[in-house]
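Q: Here is what each chain is made of, one letter per residue.
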Amino acid sequence: MNTQTEMKEPINSQPEEKPLLKLKNVSKSFPGVKALDGVELDVRAGEVHALLGENGAGKSTLMKILAGIYQPDGGEVILEDQLVHMSSPLEAREHGVLLIHQELSLVPDMTVAENVFLGNIPRFANIFVNNRHLNERCGEILTRLNCKFKPTEKLGNLSIANQQMVEIARALVFQPKVVVFDEPTASLTDYEKVVLFGVIRELKESGTAIVYISHRMDEIFELSDRISVLRDGTYQGTFYTRQTNEDEVTQRMIGRDLDADIEHQPPELGAKALQVSGLGIEGLYSDISFDVHAGEVVGFYGLVGAGRTEIMETIFGLRKPDSGSVQINGQNLAINSPSDAIDHGLGLVPESRKEQGLVLGMSCKDNTTLANISEFTKLGWIDTSAERKVFEEYMDKLRIKCPGWEYSTLNLSGGNQQKVVIGKWLSTSPKILILDEPTRGIDVGSKSEIHHLIRELAKTGLAVIVVSSEMPEVLTVSDRIIAMYDGRITRCFDRGEVTEDTLIRAITGQTER
Amino acid sequence: MAFILCVVIFSLSTQKFLSTDNFLTVVMQASIIGTIALGVTFVVIGGNLDLSVGSLLSFATVLVVDLHDKVGPGTAILLMFVFTLLIGSVNGYLIGYLRLNSLIVTLGMLSAIQGITLVYSGGKNVDISDQTNTWFAFFGREALFGVPVPAIIFIVLGIILQIVLLKTGFGRKIFAIGGNATASLFSGLRRNRLVFSTYLLSAFTTGCAALILGSRVMGSQNNVGEGYELLVLAGVILGGTSLLGGSGSIARTVIGVLILAMIQNGLLLLGFPYYTQWLVTWVVIIVAVWLDIAAKRGKLFSTY
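Chains as they are written, first to last, in this note's numbering: chain E, 1 to 513; chain Y, 1 to 304.
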């Protein structure tokens, strides 16, 4: 793992090529956290440079420094041999550095062309917008990107993938020298991914430097020329993609062994904790029947839109079913609201931690006790020290990295935010825990920690449901897998009998029982 | 900060400003706006607005003053609170349970209550006939240990509500629904009930303010509370409570209201005409909000 020797053989045609963009010893602190500490990065023209690191490793901070959103506390940013200070995204843009955001920042009610030229609309006599001219120029860029949609189309009508293309088109208007992609494939299908990669390669060949940030190892190895690794805000080295492998960079990234393979013993099944029979909501799903025993993990696998989240929300009292019933511990119960569900020992770690899981402005402690605040109150009075104790207990247990209980969840990394949400539900001592996409957008390290945790919880007698769109995840954690397609359960697999092939058939509607 | 600045400026410019007498006058003036602002702070932290408090104050004052001679002070006060809370619960029902937009609901309510007040009074001003021999005078005209009762009501209520906000489960939940309504729902909080109770609370504190006002004036015009909703909101904003919900504090609202009252008082002492207050109030709010944002982003001006 000696980076020095690895670096000796550059794959670029011009080995002595100067970096286009260079970061030297860059540091950045936030209250209580050192987000970046002496980070180095050099990006060359015409390469795809992947930036790898767990959530909280400092990737986002680094990226925001590149894009002028943050200013570094120390260190230098050198662009084409010039020391530059970029105090706003506008300035960064003028320097030719553009960021393509993970979360799209477009106006759904405007047309594609208007979005592409947003803030930079070519005007006649500085006042009037020439729509024809606008659409023509936009059309040229769209052709370059192989896009099929028209400049006059309303943005809101496009798929997420096409909206992402619009975002890229917007960057191209400025003829950028450096383009930073932040998790661009997070919401793309495989086909759309191929198209995007084509675009990135084309950009690269035209001499643009690409910084590519992703959690997905396969993508990074497919696309990048070099990989730089960050861990806990420190620089861990740069590797030539062709000369390294996944294990090596993963090691660098997490600094410990991914105790990868989870051992599976047949679960010790307890009583039937949850039984769902004939549940249905018109237009969403129908005739859903399954049960979950104490001590087992049941995975729900299916495509986005198959109705999995909606079923869980119904069980949790967020939706009213048209038909069917839910039994908990053998009792028929009417669950009309989440607070009923909580009273009956249910917990739901929702799909979207920022919108549904956390009150971001509140502290870690306050979020942890939010779902069962009444247990911490006597005559309405909150027992703060009991609250703190509980949070600190889960901070240890779940290895939440945060400076203290009063720290706002807003500033935590995605993985740690998710752990706070899980801690919140564990503190309600549930009997049945539902986790909807528990590791979405989370780095490999935290992901594996959460997978282990899920197994542990089942061992302690909890009934666990995991909804996931990632096959490796369901295969890793589940004792049984329920496959869904288009609002129906198509098949139920025991752990032993499942294969990737049958699973894929089941979720694409190719088998019917 | 701004609070200290105000004190310094005014005490340098006029000697009278720092006297105990004048301080009590300021607290007294602040107590009506301030008492209402206490309840409205809960509404705002919960992520909503209440613009109906101004005309609710008119209504409640007219009601309690008019009923005073008809049914006696005790029953009058009781009935006043019943009707005030009734109106608060209509707001709370529309906004909490039907999920209507709070700006529109309370703006509508502002005008509706004005109508109700006029219908009730028949357009005439009301007053209490025997102004000296009624214990109703206690709330607005008397003092305990040298401190005017209005100030005591304001301060005691403020302390109680600050504790409720910071130390009770109810307060915590109000912060949560204002900070993220969806996540609160997923955590089993009942947003409808909580929002409902914030409007009850703002109606209640408005009722308390009506007690003070009615007792002090011993009479009431139909539009006595006009413009109060904006002053109240100004005090809340000046205290730094975010209009987006999820953050804020009673103590800061109290300071915000005191700053407003002090500026008005100081300007009067300096001999400016009454209407300058309105202009200056606006300037103060803008500057306060600006400084607040500037401190957050570390710069005075936004670069993009």
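FYI, nobody ran anything at the bench for these hints, they're computed from the structure. Glycine is no exception: its CB is placed at the ideal position from the N, C-alpha and C atoms. Be a bit skeptical, because a hint or two may be false.
[To be verified] Distance condition first, Cα-Cα at most 30 angstroms in a straight line; then the derived BS3-like pairs of lysine-lysine:
(1) Y:K70 <-> E:K401
(2) E:K24 <-> Y:K296
(3) Y:K299 <-> Y:K167
(4) E:K64 <-> E:K24
(5) E:K34 <-> Y:K299
(6) E:K177 <-> E:K193
(7) E:K459 <-> E:K397
(8) Y:K124 <-> E:K64
(9) Y:K124 <-> Y:K70
(10) E:K34 <-> E:K154
(11) E:K177 <-> E:K148
(12) Y:K167 <-> E:K354
(13) E:K22 <-> E:K177
(14) E:K34 <-> Y:K70
(15) Y:K124 <-> E:K401
(16) E:K193 <-> E:K150
(17) E:K154 <-> E:K354
(18) E:K272 <-> E:K24
(19) E:K204 <-> E:K150
(20) E:K22 <-> Y:K299
(21) E:K193 <-> E:K204
(22) E:K272 <-> E:K193
(23) E:K378 <-> E:K389
(24) E:K354 <-> Y:K299
(25) E:K397 <-> Y:K167
(26) E:K24 <-> Y:K70
(27) E:K459 <-> E:K431
(28) E:K177 <-> Y:K167
(29) E:K397 <-> E:K34
(30) E:K378 <-> Y:K70
(31) E:K177 <-> E:K64
(32) E:K389 <-> E:K459
(33) E:K389 <-> Y:K70
(34) Y:K70 <-> E:K64
(35) E:K34 <-> E:K431
(36) E:K354 <-> Y:K124
[Unchecked claim] Distance ranges between label pairs, derived from CB positions:
(37) E:E80 <-> Y:R99: 20 to 30 angstroms
(38) E:D232 <-> Y:F301: 51 to 61 angstroms
(39) E:E406 <-> Y:I286: 52 to 62 angstroms
(40) E:I160 <-> Y:Y274: 30 to 40 angstroms
Q: If you test the structure against every hint from before, which numbers come out violated?
A: 1, 3, 8, 10, 14, 15, 18, 22, 26, 28, 30, 33, 34, 35, 36, 37, 38, 39 and 40
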